[in-house]
Amino acid sequence: MLFYTLKRFILTVPVAIGVSLVCFLLVHLAPGDPLTAVLPTDASAELQAQMRTLYGFDKPLPVQYGLWIWRVLHGDLGQSIATGRPVISEVFNAVTNSLVIAAAATLIGFVLGSLLGIVAGYYQGTWIDRAASLISSLGVSVPHYWLGMVLVIIFSVQLGWLPATGGGPDGSGNRSFEWNYLRFLVLPAVTMSVIPMGIIARSVRALVGEILTQDFVQALAAKGLTERGVFRHVLKNAAPTAFAVMGLQLGYLLGGSILIETVFSWPGTGFLLNAAIFQRDLPLLQGTILVLALFFVFLNLTVDVVQSAIDPRVQRS
Amino acid sequence: MSNLVSIEGLTVTFTGRGKPVRAVDHVSLEVEKGSVLVLLGESGSGKSVTLRSLLRLHPEKTSKVSGRIIVDGHDIMALSKTGIGDVRGRTVSMIFQEPMLALDPVYTLGQQITETILRHENVTPEQAHARALELFEKVQIPSPERRLNAYPHEMSGGMRQRAMIALALACRPKVLLADEPTTALDATVQIQILLLLRALQRELGLSIVFVTHDIGVAVEIADKIAVMYAGRIVESGSVADILHTPRHPYTQGLLASRVERAKKGDRLKTIPGSPPDLTALPPGCAFAPRCDKTTAACREQVPSLVTGAYDHAVACIHA
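In the order they appear, the protein sequences are chains S and H. The numbers in this note's numbering rise by one with no breaks, and the one at position 231 of the first sequence is 237. The numbers in this note's numbering rise by one with no breaks, and the one at position 18 of the second sequence is 37.
Honestly, the hints are just simulated from the structure, not real lab data. Be aware that one or more of the hints could be misleading.
Claimed, not checked - FRET-style restraints, in silico, Cβ to Cβ: (1) Tyr10/S x Thr143/H: 29 to 39 Å; (2) Thr308/S x Gln130/H: 25 to 35 Å; (3) Tyr10/S x Glu79/H: 40 to 50 Å; (4) Arg238/S x Glu27/H: 31 to 41 Å; (5) His172/H x Trp167/S: 46 to 56 Å; (6) Gly131/S x Thr143/H: 36 to 46 Å; (7) Arg234/S x Gly37/H: 48 to 58 Å; (8) Leu12/S x Glu79/H: 35 to 45 Å; (9) Pro144/H x Leu12/S: 42 to 52 Å; (10) Asn22/H x Thr308/S: 55 to 65 Å; (11) Arg238/S x Arg191/H: 52 to 62 Å; (12) Thr143/H x Thr308/S: 32 to 42 Å; (13) Asn22/H x Gly131/S: 36 to 46 Å.
As the list claims (entries may be wrong) - Examples of chain H residues lying across from chain S (beta carbon under 8 Å, computed): (14) Leu74; (15) Gly104; (16) Asp105; (17) Ser112; (18) Leu120; (19) Asp123; (20) Val125; (21) Arg138; (22) His139; (23) Leu213; (24) Arg221; (25) Tyr329.
Stated by the list, open to error - Anything over 12 Å on all C-beta distances counts as not near chain H; from chain S, calculated: (26) Ser95; (27) Trp133; (28) Phe222; (29) Ala250; (30) Ser271.
Glycine included, each C-beta is placed from N, C-alpha and C at the ideal position.
Please construct the entire structure, taking both the sequences and the accompanying hints into account.
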C-alpha cells in the first residue's frame, strides 16, 4: 500500500512538469502584449521597454520559463500586473473560496447522486428508474446561472431566508463554521451540486445495474444472505468507481464555475480567472492556472490512492 | 423414506421478454441421502434451471414455477423469504460454474466464508474464522491461512473452485448443488476437483445434484444419471444402466458421439440437427425431428417416462 502510494506519487512529477510547461506556454500563445493593458496608451517607448525589462518579458521564452519555474518552486508566483499584489496570496484566497464551495457542492451531489443512482439501478426499467433518470438528466442539462437566479428569487427575494450574493457577512473573506457564514454558502453550493449529482447518479445507476447482473449476486443469495446483506456487497463493489467519479467532479468544480461565481459574486477562482483574462494579467493568469492544474493532479493522485485502498484489484494486480 | 430431495412435476416458465419459454417441463426427481445424481444434457436442456429451482433462485417477476419441491422436509415453494434464506447455504448450498464470477471480487475469501457462517450460526467471528481455516485445509488449499486473506483474482482457477467448495460446505449442508463446477477448468484440474468432491461427499455423507454436459464427468461422479432434453427428463437410471444399456435414442446418440469411442481416422459421430427452440416445441416427442426411429406416433403425443427394472426409466415409445 505504502509502496503503491509512493510509486504513484513519483509518477506525478513528470506530469506536474508538463503541466507547468503548458501553463506557461498557453498564456504566451495568446496574442497581444500584457503591458498594453496596464500602461497608459500614450506611454513612451522608453517606459514600455523599462516595464518589459522589469517584468522580464524581454528575455527569450526558455529563460523566462526557467526563471518563472525557479520562483514558483520558492513559492513566488510573481506580482499581479493589475493590482501589484503577490499572485500567490490572491490565488490562495480564491482557491480556498472555490474549494469550500466545490467541496460542499460535491458532497451534496455525491450523496444525492448516489441515492438516486442506487435506487434507479435497483429498479431499472420501472417508473422509479425513469423518475430518477429524469432528475439526473435535468441536473446535467439545466443552465446553472438560470437555476442560480431562480433559487435567488425564491430563497432570497421572496422568502428572504438566505443571502443572494457575497462570500461572507463582513466581506473580509474570513471563514467560520457559524451559520452566519455558512448561510452564504448554501445557494451557490446547491446550484453547483446539480452537475455532479446528475453525473454521479448516471454512473452509479449503470454501475449498480451491471453489478446486479453478475453471477456473484446470485451466489450471495444462494448462500442465504438477506437482501440487506447482498446490498452491502453491491455497495462495496460500486464504491471505488463512484469515488473516482466524485474525485474527478471535485476537480472540475475546483476550476470554479465562472457563471455560478458571477451570479453569486463568490470570490473564487472562476471570478479571479475571469478578471485576469480581461486585464491580460499574465502572472496572475499563469499562477491561477498552474495552481488549479496542480490541484487536479494532486486530486487524481488522491483518488487513485483512495481507490486502491478500497478496491483490492487496483493495487495488487 | 430415504429421499432427501424430491421434486414432483416441476415446471418453470420464463416470462421475461417476448414469448414465454418453458425451460423445465414436468420434471420429477428424487435424490437419496448420500448419493450423487447427475443431470446430463446439452445447453438449454433445463438442467441448470432445475438445479436453481431447488434454491428458488429464479427471479420472481420473470418466472413462473409450479410443482412441488421437498428438501429435507422443507417445502421449498411454500417457504417465506426468511425461511428460504435459512435453507440457502445451510441445508442446501451451491457451487457455480465460474468461481471467478461467482465470488465477490472485492471481499477476501475468508470474509466471504465467515460471512456465510455468521449468517446461519450463532458463533463468534473468531470461531467462524477457525472454521474457515479448517475448511480450506479440508479442500486441500496449500498455505490456507494466507489464502484466506487472498482475493479471488489472486488465485488460480483450480484454487478458486476449491475455495468455492469450501464456501459451499461452510455450514455443513445436507445437499450440495453443483452447476458445471468443472467446465471452466483445465482437464487435469477437472479430475482433481471431481476426486475432491467425491471424497468430501463420502466423508460428509452429502447428497449432490451435479449438472454437466460432459458424459465423462458424469460417469466419474454419479450414482444415478438423469438425461434431460428440451426441459424434460428422457431417461434416468444408474450409471451402469445408462452407460451400458442406454434405451433412449438421444442417450444412445450422446454415448456414440464421445471422443473416447472413436478410432483413429474415424469421423466423430454426431446427433444430426440442433437443439430445439423452447418457444416452439413440436407437439409430440421433442427429440423426434432429430431421431432416426421417428414414426407418426412420436409426433402426436409427448411420451411419458416409464420406469422399468432397477429404476431405469425412459421416455420413448420405441424403447
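Hint check, Tyr329/H versus chain S [nearest Cβ-Cβ separation less than 8 Å]: Violated. Min distance 34 Å.
Chain S contact restraint on Gly104/H - CB to CB distance below 8 Å: 5 Å, holds
Evaluation of the interface hint that places Arg221/H against chain S, nearest CB under 8 Å: For Arg221/H, the interface hint is violated, since the closest Cβ of chain S sits about 24 Å away, which is over 8 Å.
Outcome of range test on Cβ distance (Thr308/S, Gln130/H; 25 to 35 Å): Check passed, 26 Å falls within 25 to 35 Å.
Outcome for the supplied range 46 to 56 Å, where the beta carbon pair is His172/H and Trp167/S: Holds, since His172/H and Trp167/S (Cβ atoms, about 52 Å apart) stay within the stated range.
Consistency of beta-carbon spacing, Thr143/H to Tyr10/S, with hint 29 to 39 Å: 33 Å, holds
Interface hint outcome for Ser112/H [beta carbon to chain S under 8 Å]: At 6 Å from the nearest chain S Cβ, Ser112/H passes the 8 Å test, so the hint holds.
Range agreement (Cβ of Glu79/H with Cβ of Leu12/S, hint 35 to 45 Å): 51 Å, violated
Non-interface label on Phe222/S, tested against every C-beta of chain H at 12 Å: Incorrect as stated: the minimum Cβ-Cβ distance to chain H is 5 Å, not above 12 Å.
Verdict on Ser95/S as a residue remote from chain H, using beta-carbon distances over 12 Å: Per Cβ check, Ser95/S is outside 12 Å of chain H; nearest 44 Å; holds.
Verdict on Ser271/S as a residue remote from chain H, using beta-carbon distances over 12 Å: 45 Å, holds
Hint check, Leu120/H versus chain S [nearest Cβ-Cβ separation less than 8 Å]: This interface hint holds because 4 Å falls under the 8 Å limit.
Figure legend: structure checked against the earlier numbered hints; hints not met, in rising order: 7, 8, 9, 11, 23, 24, 25, 28.
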